[in-house]
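Student: Here's the letter readout for the chains.
Number of protein chains: 2
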Amino acid sequence: MATKHLAHWATSLTPSSIPASVQLAALRSLYNYVGCAIGGSNHGTVAKAYDALSPFFGPATSTLYGRGGEHEGSKVDAQHAALLNGIASHVHDYDDTHLATIIHPTGPVASAVLAYAEYHATTTSSPVSGEETLCALTAGIEASCKIGLAVWPQHYDIGWHITSSTGSVGAAVAVGKLLKLTEDQMAHAIGIASVQVVGLREMFGSDTKSFHPGRAAQSGLLAALLAQKGYTSSPQALEAKRGWANVVAGGGTPQLDKYVGELGSKWEIEANAFKPYPCGIVCHPVIDGCIQLHHEMVAKSLKVEDVQSIEARVHPLVIELTSKRTPRDGLEGKFSVFHGGAVGLLYGKAGPAQYADNVVADLAVISLRDQIEATPDEQLAADETYLTVHFADGSKLEKHVQHAVGSLEVPMSDAQLTEKFVDQAALVLGKDGAQRASDAAWKIGQAEDIVKVLQAL
Amino acid sequence: MATKHLAHWATSLTPSSIPASVQLAALRSLYNYVGCAIGGSNHGTVAKAYDALSPFFGPATSTLYGRGGEHEGSKVDAQHAALLNGIASHVHDYDDTHLATIIHPTGPVASAVLAYAEYHATTTSSPVSGEETLCALTAGIEASCKIGLAVWPQHYDIGWHITSSTGSVGAAVAVGKLLKLTEDQMAHAIGIASVQVVGLREMFGSDTKSFHPGRAAQSGLLAALLAQKGYTSSPQALEAKRGWANVVAGGGTPQLDKYVGELGSKWEIEANAFKPYPCGIVCHPVIDGCIQLHHEMVAKSLKVEDVQSIEARVHPLVIELTSKRTPRDGLEGKFSVFHGGAVGLLYGKAGPAQYADNVVADLAVISLRDQIEATPDEQLAADETYLTVHFADGSKLEKHVQHAVGSLEVPMSDAQLTEKFVDQAALVLGKDGAQRASDAAWKIGQAEDIVKVLQAL
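Chains as they are written, first to last, in my numbering: chain R, 1314 to 1770; chain P, 1314 to 1770.
Just so you know, these hints were derived from the structure itself, not from any lab. Be a bit skeptical, because a hint or two may be false.
Stated by the list, open to error - Below, in silico cross-link-like pairs of lysine-lysine (DSS-like), each with a Cα-Cα straight-line distance of 27 Å or less:
{"#": "1", "chain 1": "P", "residue 1": "Lys1637", "chain 2": "P", "residue 2": "Lys1662"}
{"#": "2", "chain 1": "R", "residue 1": "Lys1493", "chain 2": "R", "residue 2": "Lys1756"}
{"#": "3", "chain 1": "R", "residue 1": "Lys1317", "chain 2": "P", "residue 2": "Lys1712"}
{"#": "4", "chain 1": "R", "residue 1": "Lys1361", "chain 2": "R", "residue 2": "Lys1493"}
{"#": "5", "chain 1": "P", "residue 1": "Lys1613", "chain 2": "P", "residue 2": "Lys1493"}
{"#": "6", "chain 1": "P", "residue 1": "Lys1712", "chain 2": "P", "residue 2": "Lys1662"}
{"#": "7", "chain 1": "R", "residue 1": "Lys1554", "chain 2": "P", "residue 2": "Lys1637"}
{"#": "8", "chain 1": "R", "residue 1": "Lys1709", "chain 2": "R", "residue 2": "Lys1616"}
{"#": "9", "chain 1": "P", "residue 1": "Lys1317", "chain 2": "R", "residue 2": "Lys1542"}
{"#": "10", "chain 1": "P", "residue 1": "Lys1765", "chain 2": "R", "residue 2": "Lys1361"}
{"#": "11", "chain 1": "R", "residue 1": "Lys1317", "chain 2": "R", "residue 2": "Lys1571"}
{"#": "12", "chain 1": "P", "residue 1": "Lys1662", "chain 2": "P", "residue 2": "Lys1317"}
{"#": "13", "chain 1": "P", "residue 1": "Lys1613", "chain 2": "P", "residue 2": "Lys1709"}
{"#": "14", "chain 1": "P", "residue 1": "Lys1317", "chain 2": "P", "residue 2": "Lys1613"}
{"#": "15", "chain 1": "R", "residue 1": "Lys1361", "chain 2": "P", "residue 2": "Lys1637"}
{"#": "16", "chain 1": "P", "residue 1": "Lys1613", "chain 2": "R", "residue 2": "Lys1493"}
{"#": "17", "chain 1": "R", "residue 1": "Lys1571", "chain 2": "R", "residue 2": "Lys1613"}
{"#": "18", "chain 1": "R", "residue 1": "Lys1361", "chain 2": "P", "residue 2": "Lys1712"}
{"#": "19", "chain 1": "P", "residue 1": "Lys1765", "chain 2": "R", "residue 2": "Lys1637"}
{"#": "20", "chain 1": "R", "residue 1": "Lys1662", "chain 2": "R", "residue 2": "Lys1637"}
{"#": "21", "chain 1": "P", "residue 1": "Lys1554", "chain 2": "R", "residue 2": "Lys1554"}
{"#": "22", "chain 1": "R", "residue 1": "Lys1493", "chain 2": "R", "residue 2": "Lys1613"}
{"#": "23", "chain 1": "P", "residue 1": "Lys1765", "chain 2": "P", "residue 2": "Lys1493"}
{"#": "24", "chain 1": "R", "residue 1": "Lys1744", "chain 2": "R", "residue 2": "Lys1756"}
{"#": "25", "chain 1": "R", "residue 1": "Lys1317", "chain 2": "R", "residue 2": "Lys1637"}
{"#": "26", "chain 1": "R", "residue 1": "Lys1554", "chain 2": "R", "residue 2": "Lys1571"}
{"#": "27", "chain 1": "R", "residue 1": "Lys1317", "chain 2": "R", "residue 2": "Lys1744"}
These figures come from a predicted structure and were not determined experimentally.
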């Protein structure tokens, strides 16, 4: 029944049946996605994919974010837009996280739904509104997260990249909403998406990691398009003995009925979190604390030059995963809690600009980095830290971070999301362009015609 | 080491290093594929996919077989050609079978490699020869079958459609050959293909079943194209703890080293079999025997009208899987050993034309069908049967089929393959067109420029 139930719930969903808090969560997720897609758009991984696939592009209907609307190659066909924007959105590992499953849900779903929305405008005179877009996005994200919960954690443990292995179904559901599929068609779309299982954890560290959400977006879009034309699959695609959940459960017992049964009563998108810093999440408490200390030092006119040492008590995982003492470039910097702490204290920021290669090699940063000591403390939570800054005159500043910003307990504010968006988009579009894109993206929900907003990105 | 070993072996393979018997097996596989792709090309499943995807087609470089070279829409971009020809090649369940794994290996591999070969001609002045094509096809089919063997049978048992779940890797390897990828690039292509795991057995009986080999073809092509531009994956994609084999093994212990280690010493393509009849393989011994009896009756001037009853002793699986007593249309006829036996005895043929809806409803066929009794005998092999035809005058004819035609022991002859090709292609192209296509397809191996042959299909 899970497949039919999901299809029924998704086709029945309307903007007015979605609580305001859920709509807001959807808008924040979409806004954060757009910033990440712009921020990743000039990454080499995207360039390689663009280069490989451009000979096959179809009619250019759909925007590649960050490429500048008026430039050659800033639009491609919807299927390739879904793929390329999906890659861009994930390539800096800066996208959102549904913490209960560690699915990054918006990349696959939004990449498909936005690419399709622009295509839609070329085939019909009725525009797609921002409200409809958020409704479709919500349906898709709920679908991905619910089926992800049903196979968590064994599915991830065995080696599936759960973002993409659930993302094609989410993308199909979302595009299916814009296509106004019937319940039967939606069930078929879910089925066609479910046979395209994308993403292995073994690929982490290579270009293929960010290929995963892109391909999931494209696969879901394809599934919805096929279903619209009457292409059939199994109406028990998810729950059948040899259907999606049992095949990919990794030895666990899927709990589809439980989680799919909660659709509409418990909204997963409200538990979607955003990363304030483009690095491993275990570093975040130290960075958060160092940024708070930076502002405190500025307020008290304390100078970084007078810092003698910084002690950080952290959860043991921080040491295990991010204790690179002498990172050589931006990528290695992401695995160095010392670098993260140093830029936080020095600049009061740890955005993409602070992970540029030249910043990692900056002598002031290196000097501060070398003053940081981290000691493991099993008593601490994974998102908790105690920091002490010792100054030359013997004085000290202390900071206890109970939950890092970006956690569910301390979510990023809209202002912080905006800063994150603008900081990463500015590296692609310049500061003014980034600000304009941010303003446009915040207004997606109110747009009468989503296409006009997207073309401004 | 399996990934690197496969990449090394595949990139090193040259036409001159392939034994003549293997080259012949490759040609027969490709020939049979072309017939199936033409035969399936006007199926409704293909039409739905074409209809859904035509708005996204890129530059039309690659032929859709069976559509007539000069017609509008007979060519599409290479990625969509791979998908659509792959669907067509499988839609009648009439393609080849690597019996040890029940992989249908040629569909995913040939659909990708031929679609790419035609694209290639638009970007370079050096044509792809028939010899190179067969070499690439061989590499791809060996790759699919070896990794399939490594995870057989649990991988299939748990619910993966092994044709497509191994097919994307095979397709990537084959296209990688034509792209002349380096060994490193080939390893990355294998890795990018390995994360696109397509196909669930739950979809058998729906349009999505034949989507599987098509999507695998497209996924492999995409992987090779990305790898050519430097897109990276993991060099241990197949064998890593969280790589392809362990993730999809369905609880079994993958034996990658064993099977991948046999590349070049044991050729799987030589164990590739062809179906003489477009129906479940368990029916084949009865059909084979009935066709032999038809010819014997013709030779002896015995009349079908004088037949009183037909007894068939068969393996119990035949009863279990194909005992539909009163099939109502062609599709149901495929699950009726009685229909298969009847058309074999009546027409001496059981090709696609004998599974048309009107033949299943034909009174002469129904009358004969109702005279057939099948009794299970556990002593028989699955591809064995004993038949007895009783005539009104009390005489009888007997036939023992030890191995059905199309088995490894009694492979289809080239003449039988030709009859199969022409019979199914004639339903699309007419008899003359089918004969011309068959003549062209048999000459693929000698072609200096494969494109000229393909455009004639």
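Student: Hint by hint, note whether the structure agrees.
Tutor: Against the structure, the hints:
Restraint check for Lys1637 of chain P and Lys1662 of chain P: the C-alpha separation of about 20 Å stays at or below 27 Å, so the hint holds. Only pairs whose Cα atoms come within 27 Å are accepted, and Lys1493 of chain R paired with Lys1756 of chain R is accepted, the gap being roughly 24 Å. This hinted pair does not check out: Lys1317 of chain R and Lys1712 of chain P have alpha carbons roughly 50 Å apart, beyond 27 Å. For a cut-off of 27 Å, the pair hint linking Lys1361 of chain R to Lys1493 of chain R is broken: about 35 Å separates their Cα positions.
Taken as a hint, the Lys1613 of chain P and Lys1493 of chain P pair is broken in the structure, with Cα atoms around 58 Å apart against an allowance of 27 Å. Restraint check for Lys1712 of chain P and Lys1662 of chain P: satisfied, since their Cα atoms lie roughly 17 Å apart, inside the 27 Å limit. Between Lys1554 of chain R and Lys1637 of chain P the alpha-carbon distance is near 24 Å, which keeps this suggested pair within the 27 Å criterion. At most 27 Å may separate the alpha-carbon atoms for a hinted pair to count; Lys1709 of chain R and Lys1616 of chain R meet this at roughly 12 Å.
Note on Lys1317 of chain P and Lys1542 of chain R: the hinted pairing is violated, with a Cα-Cα distance of about 42 Å set against a maximum of 27 Å. Note on Lys1765 of chain P and Lys1361 of chain R: the hinted pairing is violated, with a Cα-Cα distance of about 31 Å set against a maximum of 27 Å. Our distance criterion of 27 Å between C-alpha atoms is met by Lys1317 of chain R and Lys1571 of chain R, whose separation comes to about 14 Å. Of the supplied pair hints, the one linking Lys1662 of chain P and Lys1317 of chain P is violated, its CA atoms being roughly 47 Å apart against a limit of 27 Å.
Distance hint between Lys1613 of chain P and Lys1709 of chain P is fulfilled; the C-alpha atoms sit about 12 Å from each other, no more than 27 Å. Restraint check for Lys1317 of chain P and Lys1613 of chain P: the C-alpha separation of about 61 Å exceeds 27 Å, so the hint is violated. Taken as a hint, the Lys1361 of chain R and Lys1637 of chain P pair is broken in the structure, with Cα atoms around 54 Å apart against an allowance of 27 Å. In summary, the hint linking Lys1613 of chain P to Lys1493 of chain R is not supported, as the alpha carbons are separated by about 64 Å, beyond the 27 Å threshold.
Between Lys1571 of chain R and Lys1613 of chain R, the direct Cα distance comes to roughly 53 Å. Violation of the 27 Å bound is thereby established for this hinted pair. For a cut-off of 27 Å, the pair hint linking Lys1361 of chain R to Lys1712 of chain P is broken: about 62 Å separates their Cα positions. Distance restraint check for Lys1765 of chain P and Lys1637 of chain R: the Cα-Cα separation of roughly 58 Å exceeds the 27 Å cut-off, and the hinted pair is therefore not satisfied. Taken as a hint, the Lys1662 of chain R and Lys1637 of chain R pair is honoured in the structure, with Cα atoms around 20 Å apart against an allowance of 27 Å.
For a cut-off of 27 Å, the pair hint linking Lys1554 of chain P to Lys1554 of chain R stands: about 26 Å separates their Cα positions. For a cut-off of 27 Å, the pair hint linking Lys1493 of chain R to Lys1613 of chain R is broken: about 59 Å separates their Cα positions. Distance restraint check for Lys1765 of chain P and Lys1493 of chain P: the Cα-Cα separation of roughly 21 Å lies within the 27 Å cut-off, and the hinted pair is therefore satisfied. Distance check on the hinted pair: Lys1744 of chain R and Lys1756 of chain R sit about 19 Å apart at the alpha-carbon level, within 27 Å; holds.
Proximity of Lys1317 of chain R to Lys1637 of chain R is assessed by CA-CA distance (about 49 Å); at most 27 Å being required, the pair is judged violated. Simply put, Lys1554 of chain R and Lys1571 of chain R have alpha-carbon atoms about 17 Å apart, close enough for the 27 Å limit, and the pair holds. For a cut-off of 27 Å, the pair hint linking Lys1317 of chain R to Lys1744 of chain R is broken: about 47 Å separates their Cα positions.
Of the numbered hints stated above, those contradicted by the structure are hints 3, 4, 5, 9, 10, 12, 14, 15, 16, 17, 18, 19, 22, 25, 27, listed in ascending order.
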